Amino acid sequence: MGHFDHDHSHAHGEHVHEHAHTDENGQTFTHTHQHTHQGEHHHAHGGEQTMAVLRYMLEHNIHHAKELGDMAEQFDGEVRHQLLHAVESFDQANGYLSAALEELKK
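First residue of the sequence shown? That's 916 in the numbering used here, and the numbers climb one at a time after it.
Misleading hints may appear alongside valid ones.
FRET-style restraints, in silico, Cβ to Cβ [said to hold, decoys possible]:
| # | residue 1 | residue 2 | range |
| --- | --- | --- | --- |
| 1 | Glu993 | Leu969 | 32 to 38 Å |
| 2 | Glu1017 | Asp991 | 33 to 39 Å |
| 3 | Tyr971 | Gln1007 | 14 to 20 Å |
| 4 | Glu993 | Lys1021 | 16 to 22 Å |
| 5 | Lys1020 | Gly984 | 41 to 47 Å |
| 6 | His996 | Lys1021 | 25 to 31 Å |
| 7 | Leu969 | Asp991 | 20 to 26 Å |
| 8 | Lys1020 | His975 | 40 to 46 Å |
| 9 | Thr965 | Val994 | 20 to 26 Å |
| 10 | Lys1021 | Gly992 | 18 to 24 Å |
| 11 | Gly992 | Glu1018 | 23 to 29 Å |
Hints were generated in silico from the structure; no laboratory data involved.
Predicted model only: the values in this text are computed from it and were never measured.
Where a beta carbon is used, it is the ideal one built from N, C-alpha and C, also for glycine.
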């Protein structure tokens, strides 16, 4: 499934997430995140694995919030307004993820 200039695909437990960015000079560059999940996929409550997943989710959300903020600058009106709401949603989720990580550290 593709949207805007991101591409998502799934095959045999693999997730590929590709980002295309255009810099201020109009040059486009792409980077890809690839994740593979093999075998049974489960998370125990607490522990290093759960903390690692939560940290990954937090970092991934921060990355997406930055991208949405950058995109919002390209628009005005209602499009910009809605993109900025999306950034706020990521920021709120990041607050909850950070709080959960802090609780797990106790």
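Practice task
Check each numbered hint from earlier against the structure, then list the numbers of those it violates in ascending order.
Solution key: 4, 5, 6, 7, 8, 9, 10 and 11
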